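There are 2 protein chains.
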Amino acid sequence: MAVINENYLLIKSNYIFAEIDQRVEKYQNDNPDADIIRMGIGDVTRPLPQAVIEKFTEAVKEMGEAETFQGYGPYRGYDFLIDEIIKNDFNPLGIELSNEEIFVSDGAKCDTGNIQEIFDVTSTVAVTDPVYPVYVESNVMAGRIGPMGDDGRYDKLVYLPCTEENGFVPEIPKIPVDLIYLCYPNNPTGTVLTKEQLAKWVEYARENNSIILFDAAYEAYIQEDDIPRSIYEIEGAREVAIEFRSFSKNAGFTGTRCAYTVVPQELMGYDSEGNPHSINNLWYRRQTSKFNGVSYPIQVAASAVYSPKGQEEIRESVDYYMKNASIIRKSLKDFGLSIYGGVNSPYIWIKTPEGMDSWQFFDFLLNEAHIVGTPGVGFGPSGEGYLRLTAFNTLENTKKAMDRISKLSL
Amino acid sequence: MAVINENYLLIKSNYIFAEIDQRVEKYQNDNPDADIIRMGIGDVTRPLPQAVIEKFTEAVKEMGEAETFQGYGPYRGYDFLIDEIIKNDFNPLGIELSNEEIFVSDGAKCDTGNIQEIFDVTSTVAVTDPVYPVYVESNVMAGRIGPMGDDGRYDKLVYLPCTEENGFVPEIPKIPVDLIYLCYPNNPTGTVLTKEQLAKWVEYARENNSIILFDAAYEAYIQEDDIPRSIYEIEGAREVAIEFRSFSKNAGFTGTRCAYTVVPQELMGYDSEGNPHSINNLWYRRQTSKFNGVSYPIQVAASAVYSPKGQEEIRESVDYYMKNASIIRKSLKDFGLSIYGGVNSPYIWIKTPEGMDSWQFFDFLLNEAHIVGTPGVGFGPSGEGYLRLTAFNTLENTKKAMDRISKLSL
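In order, the protein sequences belong to chains A and H.
When we follow the UniProt record's numbering, the leftmost residue of the first sequence carries the number 1, and every step to the right adds one.
When we follow the UniProt record's numbering, the leftmost residue of the second sequence carries the number 1, and every step to the right adds one.
No wet-lab data here; the hints were simulated from the structure.
Keep in mind that the hints are not guaranteed to be accurate.
Said to hold, decoys possible - Not the full set, but computed from the structure, chain A residues with beta-carbon under 7 Å of chain H:
(1) I4
(2) I53
(3) Q70
(4) D106
(5) F119
(6) T254
(7) G255
(8) S295
Please read these numbers as outputs of a predicted model, since none were measured by experiment.
Think of the CB as a built atom: it goes at the ideal place given N, C-alpha and C, for glycine as much as any other residue.
Construct the entire structure; sequences and hints are all you get.
Shown next, in the form of structure tokens:
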């Protein structure tokens, strides 16, 4: 008899974005004339940079000609892309990486979801709370942290609350944990850690032989000095951290799909007898058995992000979204809401007003202003009482949405 | 302390194709003038169809314009592709499917590797032997079947030998197994099952509440009548089978990446109390948490495979490769070798001559004829004494390779 992985039954809700989709679809069906502005899902709206389109188009043409056609590519990705990644994303920060330390993939979601596979099922897992649901759900599915109690908290998960009270800076756990997911600039709160704050986590991981799974998908949005763009800016991080990067949010690849993961050669995990094993080897093993690389034309397209023209275009896009963020911040502040993030990140984290809970405020914004946000509680128990808005919209829609909010009364 | 998933240490060898790459690279370095012909990896050589290139190019253009730009797509894939899949790949066989039963992905390797996640870790697994290594390795990694004994067999894996002796038709197990991987037309042996033979497996699965994981990646190569193109041609299969399809081998998408998986709504797995659960729901749950869809331009490109021009072009490609297969079959027969497959499949399965084992014959062909095959033993214990050649090469190289073999002496 085919028995299912019952850990799947421990996941209480639908994937949060699917749930939002359903509510919005129902509202739109009931109110066909409502001009709904989506500021929920962190999906970009600006087209791919022209530098990318040009190279992408050329690479598609190559696939149509026998002399230049490409079949299966290298397991880790093409060197023409990896070379650019290292040269542009890391060397300017003073970080050296070898090509074997980069794994090109079709998305940071896939990588952050799959990475837990290479660790023991009894590993203790810590996440900042609120948190991107993929880290939690992938570990629930693996049987590492379920079931969820009546308080909406998973039994074996170590929550690191990030709230108004602690300025959204997670406290170092008092107990040893094995795997720590950190996402900075943070999704969903839009807040950041300074180098000094992140260094404490590297120190903790080194003391406890823990591994930090550092999601830097929003790195391009950092505006302020002293905010680390890569965890490898922190001394000693190569021995304790995996870093996830993506072309989704800087270059608009959410629908094109390309990302990469950095696994330094020094990074070790341990078997039950305490012998060290290369995490890079394990991840390579995982990828060679269960993945077949990213489309050749897409890797070419991603490499064009690093051309001078590509770099200029992605800067323009980031500036565009950050201008939206600034408009949202100002409007919501003027309206009297307490808000966080939106300075080094495209996300604005709003404290819900008038004692509303997250889904009440979600429904309020949907019904009264036809704006779709993301309920904070969908990101974890400490997200209750908050709601996330994204700056990933057109300037026009952003202004329109803020105008609608300014006319609401609470 | 970050403890690794020790099941990874149970995998004895490198992924077979990586091992071949290493041997070939070494040989080429030692013999820089050798004109090596690769007939090992099942990678296509012909460019993408022009019908595909045209639509692919248009879709890239759309990604560069704000009005037509696409961000995150639907979790299961775009309906414009799924509609074509159902209309062209299934309806003509008398099979009805709903759009919710199709999951578009970036590769059948990923899907066949990941599907085991949704089943219990104690499930018994049966595979034909020899077999595509991904099925086995993904289950070893999950802790379902290791460790491997000294005889080169995994303790808890149920092997279904397919050899000269049984005409490459796997025998129905005498014991109940939970999950059965069947790949037809078969990789690596190139052999097929008739409808009657496959129907016995469906009957077995229905009797035992087993699930068949049916890999039909080579469906396009079927030439003979009475060979099922889909397992759903067999009555009752919707309740017991998942089918994997790919654009890699029919339309040359190995380096472009697109595939799909069919999970019928009737298909149930069971929890430990015997309650049924929809496998479609579980797989949807898995995909929404750990996957983010296939690139929009690639889904457009895949949909063009179904245009009249696309269909004509892929038929030409299949014919081209099958002509190679026929040349290989004739040459090897004339040379005096016992061969199988190559009639409804691009793979030719050769019995090694003169008592050589698989790797000896691999090295013999590499050293003496500069031809790269795939050692049968890399696909499982019953593959020992065989070697696989593929027809995925140019006609010119295929002829050259066969000419070299005809001049060898054993």
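Here is how each hint holds up against the structure:
{"no.": "1", "hint": "I4", "verdict": "4 Å, holds"}
{"no.": "2", "hint": "I53", "verdict": "4 Å, holds"}
{"no.": "3", "hint": "Q70", "verdict": "4 Å, holds"}
{"no.": "4", "hint": "D106", "verdict": "6 Å, holds"}
{"no.": "5", "hint": "F119", "verdict": "6 Å, holds"}
{"no.": "6", "hint": "T254", "verdict": "4 Å, holds"}
{"no.": "7", "hint": "G255", "verdict": "4 Å, holds"}
{"no.": "8", "hint": "S295", "verdict": "5 Å, holds"}
The structure meets every hint from the earlier list without exception.
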